[in-house]
Structure formats: C-alpha cells, structure tokens
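Peer 1: Residue numbers (the numbering used here), protein chains in the order written: chain X, 42 to 173; chain U, 42 to 173.
By construction, these hints were calculated from the structure, which means they are not laboratory data.
Keep in mind that a hint or two might mislead.
Remember, identical chains collapse to one label, so a pair may be satisfied in a single copy or spanning two.
[What the hints assert, rightly or not] Restricting the straight-line Cα-Cα distance to at most 30 Å, the calculated cross-link-like pairs of lysine-lysine (DSS-like) are:
(1) 167 / 142
(2) 57 / 125
(3) 142 / 125
(4) 167 / 125
(5) 44 / 167
Residues per chain, in single letters:
Number of protein chains: 2
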Amino acid sequence: MTKARKALLELLRESKEPISASMLGGDPSLPFDQATIYRNLHYLEEQGFAESFILHCTEHGTERYYSYRSRSEGVHHHWFHCEKCHAFIDLGGCVYQEQMKDWEQQYGFTINDHTFFLTGICASCKSQSLLE
Amino acid sequence: MTKARKALLELLRESKEPISASMLGGDPSLPFDQATIYRNLHYLEEQGFAESFILHCTEHGTERYYSYRSRSEGVHHHWFHCEKCHAFIDLGGCVYQEQMKDWEQQYGFTINDHTFFLTGICASCKSQSLLE
DNA sequence: ATAAATTTGCAAATGACTTGCAAAAATTCT
DNA sequence: AGAATTTTTGCAAGTCATTTGCAAATTTAT
Ligand SMILES: [Mn+2]
Ligand SMILES: [Mn+2]
Ligand SMILES: [Zn+2]
Ligand SMILES: [Zn+2]
Chain X
42 MTKARKALLE
52 LLRESKEPIS
62 ASMLGGDPSL
72 PFDQATIYRN
82 LHYLEEQGFA
92 ESFILHCTEH
102 GTERYYSYRS
112 RSEGVHHHWF
122 HCEKCHAFID
132 LGGCVYQEQM
142 KDWEQQYGFT
152 INDHTFFLTG
162 ICASCKSQSL
172 LE
Chain U
42 MTKARKALLE
52 LLRESKEPIS
62 ASMLGGDPSL
72 PFDQATIYRN
82 LHYLEEQGFA
92 ESFILHCTEH
102 GTERYYSYRS
112 RSEGVHHHWF
122 HCEKCHAFID
132 LGGCVYQEQM
142 KDWEQQYGFT
152 INDHTFFLTG
162 ICASCKSQSL
172 LE
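Use the sequences and the hints to build the structure in full.
Peer 2: Here's what the structure looks like:
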C-alpha cells in the first residue's frame with residue numbers, strides 16, 4: 042500500500058456516500074495527480090477494497106462513483122441521488138441477490154454485475170424550492 | 042417531423058433492443074451527421090417518443106442507449122447486457138413502480154428516474170467459450 | 001413568394017477518463 | 001547497507017462519447 046492508496050482508501054472508508062474521482066482529486070488530503078487517483082481507484086476496486094458504479098445526473102453529468110467495500114457486510118448498497126444538491130441517500134443493502142439467481146436460471150446467462158439507482162429531488166431541496 | 046427524425050424513430054420502433062447513437066449513426070438508413078443524430082435523439086426523448094439510459098459495458102464502453110417509447114404499454118423495460126456479444130436480453134416491463142412510491146413516501150424525495158440493468162455473459166456466449 | 005424560425009453539416013470544443021514515458025519511490029537481492 | 005529490479009507517480013498528450021458555434025439549407029409562417 043503506497044501512501045496515495047492508503048489516503049484514498051481512508052477517504053472512501055470515512056465517506057457516508059459514494060464519491061467520484063473528481064471529488065476525491067479535489068480533496069486537500071489527496072494531493073496527487075488525477076492519473077494517480079484514477080489508477081489507484083482501479084487498483085482498489087480490482088483488489089476488492091472498493092466498488093463503483095456509473096451514475097448520470099442531469100445537473101452534474103456522468104461519472105463513476107466509488108465506495109469503500111466492507112469485508113464484513115458483504116453486500117453493497119443502492120442509492121437515491123438528488124439532482125439538485127448532489128447528495129446521495131442510502132436505500133440500504135442490496136436485496137436483489139435472489140432475484141438475480143432466478144434470472145440466471147430462467148435465462149441461462151451469468152450476471153457479473155447489476156446497476157440500480159434512483160435520481161430525483163430530495164426532501165430538503167423540495168422544501169427549499171417552495172420558498173422561491 | 043423532419044425526415045431525420047422520422048428515420049430515427051422508425052429505426053427505434055423496429056429495434057428489438059436499445060440502440061446507441063453510434064450504432065444509429067452507422068446505419069445506412071440514417072445518412073446524417075452525428076450532431077444531427079444526437080440532437081434528434083434529445084428531441085425525441087423530450088417529446089416522449091423515446092427513452093434512454095446510460096450503460097457501461099466492460100468490453101464496449103459507456104454509451105447512452107435509446108428505445109422507442111410505446112404510447113400503449115406505458116412502462117419501460119429492463120435489460121440484461123452481454124459483455125461478450127453486446128446483445129441485450131429483455132427482462133420484461135418494469136415492475137418497480139410500487140417500490141418507487143413506497144420509497145418516495147418513506148424518504149420524502151421525488152423520484153424523476155430510475156436505472157436498472159444487468160451485465161454479464163449470455164447463454165450462447167457461455168457455450169461458445171466452452172469450445173475453446 | 002418573402003420573411004422568420006428551425007434544422008442540418010462541419011469543425012472545433014468538452015469533460016471524464018486513459019496512456020506513454022521518464023523520474024521517484026518501494027522492494028528484492030546480494 | 002548498497003545495488004539492481006519492480007512498481008508507482010507526475011506530466012502531458014491522447015481517447016471517446018457527446019456537445020456546441022456558426023453559416024448554409026430547409027421549413028413554416030405571412
Ligand atoms: Mn448530481
Ligand atoms: Mn457491450
Ligand atoms: Zn437535494
Ligand atoms: Zn453474448
């Protein structure tokens with residue numbers, strides 16, 4: 042583990058929500074080149090320390106978001122993303138494992154990954170816009 | 042409806058699976074500039090004639106895929122994507138409307154959209170790789 | 001038919017992400 | 001430790017899907 046990797050993993054571990062490479066690169070505690078950030082995110086993911094998904098937000102564009110991958114919990118979470126304030130709301134651990142198995146049986150394919158997320162406007166952004 | 046739009050919509054309507062802008066642009070029946078393709082896909086989607094989602098395939102990269110939006114059926118479909126042969130397999134119409142409502146109630150946010158798809162290796166690609 | 005509004009093609013620009021390459025840092029081997 | 005070897009990093013340039021400015025072409029309105 043180089044210091045760049047340790048620092049990256051530490052940020053991911055602390056974060057309450059998925060983080061994009063650009064947000065990580067902008068953090069003062071990660072004074073590394075963007076190439077280093079990207080390369081190490083790949084490294085952390087392939088080593089099983091992190092996981093990611095690509096999300097498109099109407100306001101903020103398309104980016105890959107990373108999360109720390111907990112050894113203990115085993116299952117990833119799914120998220121709601123607010124297109125106004127860019128916040129993520131945790132919808133809880135993935136409950137689709139069974140459904141995936143069923144589909145694999147039914148269609149004969151092998152699922153490597155699945156992507157699921159919601160986008161919209163969060164409660165606090167909704168109440169804020171009422172004041173305008 | 043300009044002829045570019047008619048032609049685009051016709052291809053989308055005929056297609057059994059979601060299509061990306063690059064695949065549409067490569068079709069002989071759409072001899073238009075890529076800017077025209079992109080602009081008209083936006084147009085068709087905002088007019089409610091088409092819908093789309095962004096999918097990342099390990100082999101083929103990240104692209105937005107469009108589908109014809111049927112007036113009658115009302116509900117979109119979700120898909121499995123084979124990272125080997127690039128085929129899409131229809132998993133049927135979306136059955137998450139109720140779940141979405143529940144979440145909106147529970148969290149107070151408003152969902153504008155949801156994304157759900159699977160990636161992996163399809164049955165025929167699996168059997169093919171056994172022959173190697 | 002003439003003016004006004006919309007659409008198109010072409011070329012350049014974006015933005016996220018990737019890659020070549022030489023220098024710097026971490027490992028491995030005397 | 002000290003030298004040799006492997007891995008990682010920074011910097012700059014490159015990719016790739018998608019977007020945008022602008023003038024010409026096509027439509028639509030008058
Ligand atoms: Mn956002
Ligand atoms: Mn593919
Ligand atoms: Zn919000
Ligand atoms: Zn396949």
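Peer 1: Given identical chains, is residue 142 near residue 125, meaning Cα to Cα at most 30 Å, within a copy, between copies, both, or neither?
Peer 2: Only across copies: residue 142 and residue 125 sit 20 Å apart there, 36 Å inside one copy, limit 30 Å.
Peer 1: Indicate which option fits the pair residue 167, residue 142 if close means a Cα-Cα distance not exceeding 30 Å: within, between, both or neither.
Peer 2: Classified as between: cross-chain Cα gap 16 Å, same-chain 38 Å, threshold 30 Å.
Peer 1: Should residue 44 paired with residue 167 be assigned to within, between, both, or neither, using CA atoms and 30 Å as the limit?
Peer 2: neither (41 Å within a copy, 40 Å between copies)
Peer 1: Up to 30 Å between alpha-carbons, please classify residue 167 paired with residue 125: within, between, both or neither.
Peer 2: Classified as within: same-chain Cα gap 9 Å, cross-chain 43 Å, threshold 30 Å.
Peer 1: Under a CA distance limit of 30 Å, which applies to residue 57 and residue 125: within one copy, between copies, both, or neither?
Peer 2: within (18 Å within a copy, 35 Å between copies)
When the structure is compared with the earlier hints, a violation turns up for hint 5 alone.
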